[in-house]
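Chemist: Residues per chain are reported as follows:
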Amino acid sequence: MDISFIDKRLEGIYSKVLNGSRLSKEDGIYIYETHDLIGLGQIANHVRRSMHGNKAFYIYNQHLNYTNVCKNRCRFCAYARDRKEKGAYTWSIEEIEKRLLERIDEPVNELHIVGGLNEALTFDYFIDLLKTVKKVRPNATIKAFTCVEIDYLSKLAKLSIKQTIQKLKQAGLEMMPGGGAEILNSRIHGELFPKKINHERWLEIMRAVHEAGIKTNATMLYGHIETIEERVDHLITLRQLQDETNGFSAFIPLAFHSENTKLTHIQSTTAVDDLKNVAAARLMLDNFDHIKAYWVMIGEKLAQVALSFGADDLDGTIIEERITHMAGAKSALGLTKEQMEDMITKAGFEPVERDSFYNPIKELNG
Amino acid sequence: MDSLHNIIERVSTQKRIDKNEGLALFRQADLLTLASLANQKRFHYHPEKIVTYVVDRNINYTNICASGCRFCAFFVTHDMGNGYIISKKDLFDKIQETLDLGGTQILLQGGMHPNLEIDYYIDLLKDIKENFDIHIHGFSPPEIDFIAKKSSLTIAQTLLVLKKTGLSSIPGGGAEILCDDIRQKVSPNKCSSEEWLEVMRQAHMQDMRSSATMMFGHIEKDFHIFEHMDKLRNLQDETHGFTAFIPWTFQPDNTKITVKKKTSVEYLKVLAMSRIFFDNIDNIQASWVTQGDKIAQTALFFGANDMGSTMIEENVVASAGVDFMLPKEELIRLITMAGFEPRQRDCYYNLL
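Going down the list, the protein sequences come from chains A and B. Everything in the first sequence is counted per my numbering, starting at 16 for the first residue and increasing by one. Everything in the second sequence is counted per my numbering, starting at 1488 for the first residue and increasing by one.
The following block holds chain A by itself, in its conformation from the complex:
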């Protein structure tokens, strides 16, 4: 496909992409620096279409944020509370069961379960949590716990990471989300989330999880204090691990929302940055199958546009997203399946409802 670039420097990147050559760190930085948003989008769109054609995926899912009590208190987080703080909550296993049963008539295919590091919870709670979810929703996939939680659970259980994962797997864990990565870099770690596991540990746990045969996603929280170079390094770090394990399913760029955090002076990301992050991910992560446009963070309107800038997945219908909305997200609280399909169709793509592993959901009874 011919592309008329406004920024001729993108021609070099495009020819590398056409030749199947891996993009370098310098290429990655240039992707963020160029002002030719449409030229960049066209390259990413070319890659996206050669991988997924006209398909755009979404999943019917439910989020369970079992507690907001967290001892880490990362500076970018508007969700966490101390144990005795106003608004702190922890769901009992019964409450979780009730929440699942409330929506039992809906065709939920995935439970996305993440929460804070709550010192009042025991390892048994998490085993019970998984078993209960599996009992109530035997046909839905459990995608639960970021590396941050896995690290913490292994300490609660006094087990190795490998043993911890095995226990969780036996109780029903089938997949893991990609959160807690933030920016994989010591400087950012020190400044924003010093109590959370560092990037070496995050990568070590991901490697162990992949080796245990559990697929995960990967994320990047952008738009706070990170530099462009740090973003690109983050992507390259993920690409290297993926070369080793092939355990990552999707990459999800997460736009930082500052409201109610300790970083309220930071202004929200703009659309150009959001779209560039999607395109950069598609182009740099040549060994990742899927790039998500997470509509909760960038809004439904821009997520729809992002399908033409490298994204092939709009994530979930999500009826009760809490974490980003606490930080001032203006997106809807949930989208229906019809809204999701309508958005995709009107963007010129074919909607495919998928399960956690990107298999299309076949409608029952034809």
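Simulated from the structure, these hints should not be mistaken for lab results. Keep in mind that the hints are not guaranteed to be accurate.
[Stated by the list, open to error] Subject to a maximum C-alpha distance of 27 Å in a straight line, what follows is the list of computed DSS-like cross-link-like pairs (lysine-lysine):
(1) K1748(B) / K361(A)
(2) K345(A) / K1672(B)
(3) K352(A) / K1747(B)
(4) K86(A) / K146(A)
(5) K101(A) / K146(A)
(6) K345(A) / K1506(B)
(7) K361(A) / K1708(B)
(8) K23(A) / K1651(B)
(9) K1616(B) / K1636(B)
(10) K1637(B) / K361(A)
(11) K86(A) / K23(A)
(12) K361(A) / K1616(B)
(13) K1748(B) / K70(A)
(14) K40(A) / K23(A)
(15) K361(A) / K277(A)
(16) K23(A) / K1748(B)
(17) K150(A) / K352(A)
(18) K361(A) / K1672(B)
(19) K1708(B) / K352(A)
(20) K345(A) / K1748(B)
(21) K113(A) / K150(A)
Based on the hints, put chain B in the right spot on chain A.
Modeler: Below, chain B without anything else, positioned relative to chain A:
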């Protein structure tokens, strides 16, 4: 009909495409193909990396309207009891505040009040001009048409009187879709498409510039969009009076038309097509009021070279359930972050 490739070739070599070619391109090309063509056109007409905006305020002198358009959530009828005509004090306060905020113009628009005749409008303009040095961009064609009929004057006479008392330019509102089959259904009491165009023709002949708008996403079909743009382009060939084209999407909340709101991709495609189609209108304006900040910024790569107004006050679209707010600083940030130099402009797109 030409194949898609031929149409793209014509666009790329700066040849005019007709409305059928436009429709074919719109239907067949994907989002980024249209974006790329529009973006190239944008830099063809505006090679400098500048995005303009205007600091002004919408002043709606009355919300009482005899027109009763089905897409409108702003108007009230005379007997509903919650109608207003702006008081002189409110009017002056609003204008003073606009000037204090660095504003250069007011957009003066209102309902078609059944009891107001040309004397009211003359007094309104005089009052403003006697007290303030500010550009008055006011009275869309349906208002001019209404005032003329109400006062038994011709369009030309009405415009002349208003111009003499201080009206400088005409907003392009009330165009909706310039096809009478659509207008009869959505705004049966408003001026016809020919009357709308005639007001603009007369205004341009009296050296009053105007903008042009299109409200889409209600009951029109794709071909109506191209009929609309074709009529505007033909008039522009004649008069060269239009400064800018502003497409925006119908906001269905609180109106009598029940349709799904157009999505951002549909908006961006129409916006891009407008840049591709209008080879004789200089400026294309993004609509943050209907699209929000993210899509408005994205629109700068889909043909738009102007962000419109900082709008200290906006009431009409807000009544239909949209309440995007964008302070001047944020508008400037969006433009800058997109890699453009933000520049305040006047009504004629002169940089200030």
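Chemist: Do the alpha carbons of K361(A) and K277(A) lie within 27 Å of each other, as the hint requires?
Modeler: 39 Å, violated
Chemist: Would you check the hint for K361(A) and K1672(B), treating anything up to 27 Å between C-alpha atoms as holding?
Modeler: 25 Å, holds
Chemist: Does the structure keep K23(A) and K1651(B) at a Cα separation of 27 Å or less?
Modeler: 52 Å, violated
Chemist: Measure nothing beyond the straight line between the CA atoms of K1708(B) and K352(A); if it is 27 Å or shorter, mark the hint as holding.
Modeler: 26 Å, holds
Chemist: Please work out if K1637(B) and K361(A) have their alpha carbons no farther apart than 27 Å.
Modeler: 44 Å, violated
Chemist: Holds or violated: K361(A) with K1616(B), Cα cutoff 27 Å?
Modeler: Violated, at about 48 Å.
Chemist: Tell me if the straight-line CA distance from K352(A) to K1747(B) falls inside 27 Å.
Modeler: Holds, at about 15 Å.
Chemist: Do the alpha carbons of K345(A) and K1748(B) lie within 27 Å of each other, as the hint requires?
Modeler: 18 Å, holds
Chemist: Run the distance test for K86(A) versus K23(A): straight-line Cα separation, threshold 27 Å.
Modeler: At roughly 49 Å apart (the allowed maximum being 27 Å), K23(A) and K86(A) break the hint.
Chemist: Are K345(A) and K1672(B) close enough, with their CA atoms no more than 27 Å apart?
Modeler: 35 Å, violated
Chemist: Take a quick look at whether K101(A) and K146(A) sit within 27 Å of each other, Cα to Cα.
Modeler: 30 Å, violated
Chemist: Within a Cα-Cα threshold of 27 Å, do K361(A) and K1708(B) meet the stated pairing?
Modeler: 15 Å, holds
Hint violations for this structure: numbers 2, 5, 6, 8, 10, 11, 12, 15, 16, all remaining hints satisfied.
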